[in-house]
Each structure stands twice: as C-alpha cells, then as structure tokens.
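Colleague: Those protein sequence lines, which keep their order, are chains A and B. Adding 736 to a residue's 1-based position in the first sequence gives its number in this note's numbering. Adding 10 to a residue's 1-based position in the second sequence gives its number in this note's numbering.
It should be emphasised that the hints constitute simulated quantities derived from the structure, not laboratory data. Being a predicted model, the structure only gives us computed values, none of them experimental. Here a beta-carbon is modelled for each residue, glycine too, at the ideal position from N, C-alpha and C. Mixed in with the good hints, there may be bad ones.
[Said to hold, decoys possible] SDA-like mimics (lysine to any residue), calculated; alpha carbons at most 20 Å apart, straight line:
{"id": "1", "chain 1": "A", "residue 1": "K1016", "chain 2": "B", "residue 2": "R160"}
{"id": "2", "chain 1": "A", "residue 1": "K898", "chain 2": "B", "residue 2": "L77"}
{"id": "3", "chain 1": "A", "residue 1": "K898", "chain 2": "B", "residue 2": "P119"}
{"id": "4", "chain 1": "B", "residue 1": "K136", "chain 2": "A", "residue 2": "R917"}
{"id": "5", "chain 1": "A", "residue 1": "K788", "chain 2": "A", "residue 2": "T951"}
[Stated by the list, open to error] Simulated DEER-style distance windows between Cβ atoms:
{"id": "6", "chain 1": "A", "residue 1": "T843", "chain 2": "B", "residue 2": "T146", "range": "49 to 59 Å"}
{"id": "7", "chain 1": "B", "residue 1": "I78", "chain 2": "A", "residue 2": "L854", "range": "38 to 48 Å"}
{"id": "8", "chain 1": "B", "residue 1": "N30", "chain 2": "A", "residue 2": "D899", "range": "25 to 35 Å"}
{"id": "9", "chain 1": "B", "residue 1": "W34", "chain 2": "A", "residue 2": "N842", "range": "29 to 39 Å"}
{"id": "10", "chain 1": "B", "residue 1": "I78", "chain 2": "A", "residue 2": "Y1012", "range": "35 to 45 Å"}
Single-letter residue listing:
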Amino acid sequence: MTKRELKQFIGVNLLRIFIAVTAIFLIMFLYVIFSKGGKIVTWSFLIESPRKFMTEGGIFPAIVGTFWLTVISIGISLPLGIFTAIYMVSYGKPAWLVRSVRIAINTLAGVPSIIYGLFGLTVFVQLMKLDVSILSGSLTLAILALPVMINASEEALRSVPKDFREASLALGATERQTILRVLLPTALPNILTGTIISIGRVAGETAPILFTAATFYTRRLPTSIMDEVMVLPYQIYALMTEGAHAEKQVPIAYGTAVVLLLLVLFVSAIAIIIRYNMRKKRKW
Amino acid sequence: MVNAIMNQNSTLTAHIRTENLNLWFGDKQVLQNVNIPIYDKRITALIGPSGCGKSTLLRCFNRMNDLIPEAKIKGKVLLNEENIYKSRIDVTKVRTKVGMVFQRPNPFPKSIYNNIAYGLKLRGEKKSYIDEVVETSLKNAWLWDEVKDRMSSSAFSLSGGQQQRLCIARAMANNPDIILLDEPTSALDPQSTAKIEELCLELKDKVTILIVTHNIAQAGRISDYTAFMYLGEMVEFDETKRMFTIPKDKRTEAYLSGVFG
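Here chain A stands alone, though its shape is the one from the complex (with noise of 0.2 Å):
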C-alpha cells in the first residue's frame, strides 16, 4: 500500500466511524424512548382522558393541546414570516430598518426559550389579560418560531432565480404581481422546509408554555382558544418531577415521548409529502 492509498484508507475509514458514532446515538435514543414507552402506547392511551391525577388513563387531552398549539402558532409565525421576508428581499429600504430587522431577528433566535416563556406571562397573560390559554401559548410559541420562519423564507426567496424576476417585470407585471405570481410560488418548497422545522420546535418546547398555556391536570378538552390545555412536552415534565406515584409515571412519561415523537415525524411527513408533490411539478 502506498502512502496516499494509506492516506486515503485512513481519511475514508475515518469518515465511517463518524457516522456510525451519529447513527449509533440515534437509535440509541429511539430505542430508549420506545423501549421504555412503546408498550404504553396503545390505542385507549391515546384517546381517553387521564384518571386519578396522571396515573391512569390516557393522554388525549394533551395531543389535542399539542395540536392547537402547533397549528396556531405556526398559523401566525409564517405569514409574519413570509411577509417580513418578502420585504426584505424585494423592497429592502431602507437599509437600516433591514439590517435592525436582522439584527433582531438574529438576537431572537439566540435568546434561551424559558425567556420566552417569562416574556409570554407578562405580555400576553398578564398585560393583554389573556389569561393561561391556548392564545396566549400560541403568540408565544410563534414569536419563538419567527426567525426560523424569516431567515428559511428570506433564503427561499433569495434562491429564487433572478431571470424569473426580470421576465415577470418584462413582461409587464408589478412588483406586487412579480411577487404574487412567480416569487412566492417558486419560493414556497423552500419556505415549507423552514415551516417543517419550527414544528419541530413548537410542539417539542416546553419552557415557553410553562407559564401561558399549560396545565398539569385536567379531564376536559379545550372548547375555546382561551382555555388552558395539556401539553404533551410539559406533560412529561411534570410527570417526572410532580406527584408521588413514580412507578405508574414515569411509564406514562415515556409512553408520552414516544407520541410526542410520532406526532412530530407524522406533521413532518406530511409537510414533505406536500413539499414533494410541490417540487415534483416545479423544476428548473
């Protein structure tokens, strides 16, 4: 062997062992989380209520509240989001209020989730009185959301190539139809990848909720967006640090990871399949 097939052996082997370490780690992790909770899972744990304070019964109440959550937040951060991206891109004057923009945006996305929390009970709970509720989780979840959404979409648009752009405006079009017609349509798989993201996020955050939406216990669902709801994230939490009957559950904690996880791959995976068909039809 010589010196730069040695080289090349070692670099390439190298390689391999890198990944397996990554792979090895992930289904480490899922085995853990479906070992422990997989067998919880059946389909009356994910339908009925809790019964005699989490102990017993299901946790419908708690994907019910993951749900609403995920849907309003991301329901307000990406239009905010496409539209401060959109701005950006195409107009973009002046300069300073689009570098102050990012510079927010950049600090946004730095600041620790359980702030966000705090800022969510003295603005939207306290301030604007909208009490411990799903609106409240909501605002506070998408403001979390919001520099993911900015900067995916911002990329998105800026991807889109520049010639559409002067084609459009060529042929007679506004700025407002270029953006309409060809900019966001081009844009949108990308954008959706920014979106497949912050759900992610959002239904996984729990520091954020703690105080504007979350309950420990209750049996009833949610009737209106200003109820306060059970979350599968804060669920978990709670379960492993509240209440006095750890062997029934910690069981039900991990029983709720692995819904949590399966309702994240699941939003996910219909996210893309929407992105494929998207991309399938659109090629340049």
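With chain A held as given, fit chain B onto it using these hints.
Modeller: Just chain B, lined up with the frame of chain A:
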C-alpha cells in the same frame, strides 16, 4: 451623420428613438449622447465589443435599467414620440408595448400554457381570449406543432431552442410594438440559432425588432439596419448592407474585419 440617415429614410417612421441619451452606473458613464432611430417593422442590430454598452442601451428601451439602483439616466427615449422617462408614466404599460427576450431562455417554472398566458392574466383577460392568443403566439413562434399536445407540461421539459422560442411567443402574446432581443442565440446550438434567425425575419412583418448580437455574421444575415457601438458611443448607424460593405468609421471597419472584438 445619424440625422443624414434619418432624412434619407424619411418615408420610414422611427418607432422608438433616443435623444441625447446618457447613462451612468454610479460614477461610470456607460452611454454617451446616444441618438438612434429604430424603424418601424424593421430589424435593427446593435453590435460592438463586450462592454460597449449595447445591452445597457437595449435595456433603456423598456426601462429594465430601473432595476439597477445606481443607474442614472439623462436624455430621452421616445416611444411613438412619447418620452418613456418622463415622470408619471406607467412603466408596466411601456413594458407591455416593448417586449423583451433575454440572453438565456428564462421561462417561468410553470406550464407551457401558463408561460404564454402570463402577461394576459396579469391584465385579467378572458379565458377564451387567452386561449386564442396562446395558440396564435405559439404558431407565430413556430412552436405550436411541437407543443400543442402537452400544453400543461412544464416549460422546462422543452429544449433550449424551444424554450427561447417560447420566450419569444410569451413576449409576442402581449402584442407589443417592439421586441428587444438581448443576444437571444448566444446560449443556443447552431440549428436552434438558425431557426430563431428565420423566425425574426418572419416576425418583422408584425413587429419592430431590435437585437443585440455578438455575432457580426448574424447581424449581416438578418438585420436591415445596424448600429455599431464602441465605449458607450454610437459610432455608426446605417443600413446593414451599406455598413458592411463601406463602413464610414475606421473603428467600424476594424471591428467588422475582426481586428478587435
């Protein structure tokens, strides 16, 4: 000199012309006192070495230079004797009357039909009218027979030459007075190039054509008038035949004989 030519062709009307047009990108002057008439239903070619300002001049005619923030313009561009740079003019209307085809084919990531219908849909035309115009535009661009059975497939499924003819059809669908072609064949193979050239000759009965080209032979083959530009100046404007046989300016002669390019 240009005036002399204009008098000589007094039977022809200039569809669009410039009057002492100057253009700067930042501090750099790219066009200097350009005066050029573009005659009705004729093909005019803009030739000159790279960086002489011919594409920039072309983009003055449909105000595409507006997209470049540091561009500054002085002088007039008169479309049917109306200055398109006067204040309070509707730029979208100008661009509807003055169509453009770019160097690289740039169809939208939409179906063949929706590419052609784009300009019409912008103005909210009726479906039946759009269908009709899409068909005639594609026929005019000699594309109809090739695409009539797959109007809903992506424009990207077409070959490069077909895409460029699609772009011509898309521009023609707006029923423009003039179309601007910015080196439309430089990204195409010789066969597709020949087809586009023939198409230009066919289209000049319907529309005034201004074409920027790097290819001197191409200008000779298809244009009625040629303008030679050098360093932002309009050096010579004449009937193509005359310019190619007896150029008046030494620089034109040098360029045409391939001394520089």
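Colleague: For each hint, tell me whether it holds in the structure or not.
Modeller: Hint-by-hint comparison with the structure:
For the hint linking A/K1016 to B/R160, the alpha-carbon distance of about 17 Å falls within 20 Å, and the restraint holds. For the proposed pair A/K898 and B/L77, the alpha carbon gap of about 11 Å is at most 20 Å, so the pair holds. Annotation: proposed proximity of A/K898 to B/P119 holds, straight-line Cα distance about 13 Å (limit 20 Å). Distance restraint check for B/K136 and A/R917: the Cα-Cα separation of roughly 18 Å lies within the 20 Å cut-off, and the hinted pair is therefore satisfied.
Only pairs whose Cα atoms come within 20 Å are accepted, and A/K788 paired with A/T951 is accepted, the gap being roughly 15 Å. Roughly 56 Å separates the CB atoms of A/T843 and B/T146, a value that falls within the hinted 49 to 59 Å. Checking the proposed 38 to 48 Å range against B/I78 and A/L854 shows it holds: the Cβ atoms sit about 47 Å from each other. Between B/N30 and A/D899 the Cβ separation comes to about 32 Å, which falls inside the hinted range of 25 to 35 Å.
Taking 29 to 39 Å as the suggested C-beta distance range, the pair B/W34 and A/N842 conforms, at roughly 36 Å. B/I78 and A/Y1012 have their C-beta atoms about 37 Å apart, which keeps the hinted 35 to 45 Å range intact.
Going down the numbered hints, you'll see the structure goes against none, and every one checks out.
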